[in-house]
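Given next are the chains, with one letter for each unit.
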Amino acid sequence: MDFNLSDMQRMLLDSAERLVGDRYSLEHRRALRDRQDGFDAGAWASFAELGWLALAVPEEKGGLGGSFDDVAVLMTAVGGRLVVDPLVSNAVIAPAILSDAPDAGLLAEIAAGERRVALAHDEPGERYGRGPRLTRLSRRGNGFALTGQKMLVLDAGSADTLIVTASIEGEDGTVLVRVDKNAANVTAEAYPLIDGTVAADIRFGAVDVTADAILVQAEHGQVVLEKSFDHGKIALMAQAVGSMEATLSICAAYLKERHQFGQAIGKFQALQHIMADMFVAAHQARSALYQSLSVAGGDGRARARAVSLAAITIGETSQFVSRNAIQLHGGYGVTDEYEVSHHYRRLLTLEKTYGDIDFHIRRIASLDAG
Amino acid sequence: MDLKPGGELDDFRQMVRAAVAQDLPPDMRARQRAFGGLQSENRDALKWAAILNERGWSVPHWPVEHGGQDWTPLQKFVFEDELASAWAPDVNWGATHMVGPVIYTFGTEEQKARFLPDIRAGRYYWAQGFSEPGNGSDLANLRTAAVLQGDRYIVNGQKIWTSGAHDADWGFFLVRTDPAVKAQRGISFLLIDLKSPGITIRQIPEINGEADLCEVFLDNVEVPAENLVGEPGMGWTYAKFLLDHERTTSSFIYWNKRELRRVRAIAEAETLDGLPLARLPQFQSRLARLEAEVAALEWSVLRVLAAEEFAYDLTAVASTLKVSGSRLQQAITELQVDLYGALAMRQFPIELAHQTPTPLWPENIAGRTATALGSRAATIFGGTLQIQRGIIAKLAFGL
Ligand SMILES: Cc1cc2nc3c(=O)[nH]c(=O)nc-3n(C[C@H](O)[C@H](O)[C@H](O)COP(=O)(O)OP(=O)(O)OC[C@H]3O[C@@H](n4cnc5c(N)ncnc54)[C@H](O)[C@@H]3O)c2cc1C
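Protein chains in written order, with the working numbering: chain B, 1 to 370; chain C, 1 to 399.
Source of the hints: derived by calculation from the structure; they are not laboratory data. In this text, all values refer to a predicted model and were calculated from it rather than measured experimentally. One should not assume that every hint holds.
Stated by the list, open to error - Using C-beta positions, here's what the derived DEER-type ranges look like:
#1 B:A206 with C:P205: 37 to 45 Å
#2 C:R264 with B:Q272: 47 to 55 Å
#3 C:A393 with B:R10: 57 to 65 Å
#4 B:L50 with C:A393: 49 to 57 Å
#5 B:V280 with C:R264: 29 to 37 Å
#6 C:Y312 with B:R35: 52 to 60 Å
Think of the CB as a built atom: it goes at the ideal place given N, C-alpha and C, for glycine as much as any other residue.
My request is simple: use the sequences and hints to build the entire structure.
Structure below.
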């Protein structure tokens, strides 16, 4: 066990901080948000060039074969600057699904920055459902027809390819199938989320799907999905830790700079104690992240339990930190023109993605029940 | 002590309920229901005041001689409660609860005749110009200066957080008229026509997509000297009067009760594996705790309204209402967000907040997350949580 960064991780962190530090100013992010797809093609090319998109891809698929710890290092750096580009969908979820799949080069294309995917899973009326899908593949000719309705497809705005979860005629379980977002009878209604990313509700009206578009067969679907969501959640939690730690720095600077009653507001003990509690919370959050990383590579119950524990801690501490950050800023905190409100909104969406606190509490209870 | 509610209050409640059902335009109700207290509907506030004024009900809390109603404090409580429950628009608080009482208490006869009828009729929107960029909690250090030249003041300076200024016709401002004396004593209370030359207003984009908060820049604005209320240099006293005047409103009790009912409705409508969330212990626990807090807060408010003789300073007691009420606003809207789970992440354009997006989405989801984000301000405006705690420590315990 070594809590210090390796040389390679140090380099990764430095280069990440340099890139996002220069590029992701508040003004840049606010301008980006006003674009339809919320996507920065120039930044994406840099991510590909720096190998970020290939980091979690195994060497035999043309990737860098990095560890999950490496991924977490990168994610804390981008989280600190509120980089909301679709990194988790493409650099974490995609490798989790495709590393062992006959993907006809899809993962390599993603790693090269040539293609972007979004996972279309959630369906109307459910809360983080992971069971059988209503969206279904029925046999038609040599292939299939895909029919169903997906909701809240994250990062759909910038994706050209969808990975869709579905049940399949004549088999139990869930398949993952690849569909071109622009294919006939795919209808997407896109909308922004409060963190500036773009999601979509997507309808599949008997879309033609060939047999070789099935990436993961029904018998493996459930296991692959659980792993993908857990990996996705860990990556988001790393971003949350980065965001919380950045929030601490922003607040510490503000308390020194803002004066009321003839003194820096940081001189008020009431605010010192809030700041100290925020520090305690952020410290716990990073430890919770490490706890989950220690089993990230494993399978099944142990990983699920560790991820859910971390999700509770990081969900709660991130709300505590970012709400107090707003409070410390007074009126400025509730504007769109100060960083802290952006951290708050981003942290709220991170908490609500791939299972919110309530979901993870229920998951622990059900794991414990056997 | 006799804590049984009197039966006559029920009759009053029914009377108000029937009147509101008859008077409240459905489109206004729909907007209020969606926004639930976001402040974008400033114009509805005026239209609703005009409607209430037909019954003489637009300012029932004012003295009768200025157009108020001869109701008991509990009747006034029931009145506000019924209006909020029926999703009536918020009133233009600055007008009916702030500048109005200052004018009828400290204003000249001319000022009363000129401004009070218009406030009752909802003719103009009033904004509150107190806070400045460098002076929020420390309001007494405000800098905006008004210099008397002949029969007019020349005003220069900047205000910020002036809610609704972009929609407003008039503003009541705290300005410094005497730079020579100690901070509080050089401040005056000035009424300024916001269409005056030299005024520039910028809307500030907010955390929830709204832009109701404004910056107001005053550049050599000429204001007739007759617009100064009461005595020069007494502005601070009037401002304190105005903030103390309505001790219970900062509890947002009517709002909290109504939004708690909305929490229940959402918990019944949203499901997990076919079961309403209201049946899950996880949510039942949060719901019951909030309901317990709201119930206690309601009685805290009633105690003040019914003039209980407190062992502690009344301002400190009022601060307890503000502390409890503001935190409840946040906790209640947080639970609304959590009940919607991942769906709460969607950003609805503020102008579409009263429409259901598509049949895939819950009917009343639009506006919920925006309200929760906006309610972060509840522990900031009108004296921050930290300032309220300071007041309690000082006035209740002499610390
Ligand atoms: C939604 C909204 C609407 C508003 N509407 C209006 C309006 O219509 N008109 C108007 O004039 N103003 C309005 N305000 C302004 C509001 O009154 C101020 O924001 C508030 O007084 C705090 O001032 P500030 O924002 O400058 O924060 P600051 O005073 O700079 O406070 C920053 C932090 O320091 C803390 N702090 C300050 N002093 C102390 C102390 N002595 N001890 C401990 N902690 C301290 C605060 O609690 C806060 O956490 C509004 C504000 C909001 C958010």
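Here is what the structure says about each hint:
1. B:A206 with C:P205: 37 to 45 Å: Distance hint for A206 of chain B, P205 of chain C holds at roughly 43 Å.
2. C:R264 with B:Q272: 47 to 55 Å: Taking Cβ atoms as reference, R264 of chain C and Q272 of chain B lie about 39 Å apart, which means the hint is violated.
3. C:A393 with B:R10: 57 to 65 Å: Between A393 of chain C and R10 of chain B, where Cβ atoms are some 48 Å apart, the hint is violated.
4. B:L50 with C:A393: 49 to 57 Å: 53 Å, holds
5. B:V280 with C:R264: 29 to 37 Å: 35 Å, holds
6. C:Y312 with B:R35: 52 to 60 Å: At 55 Å between Cβs, range holds.
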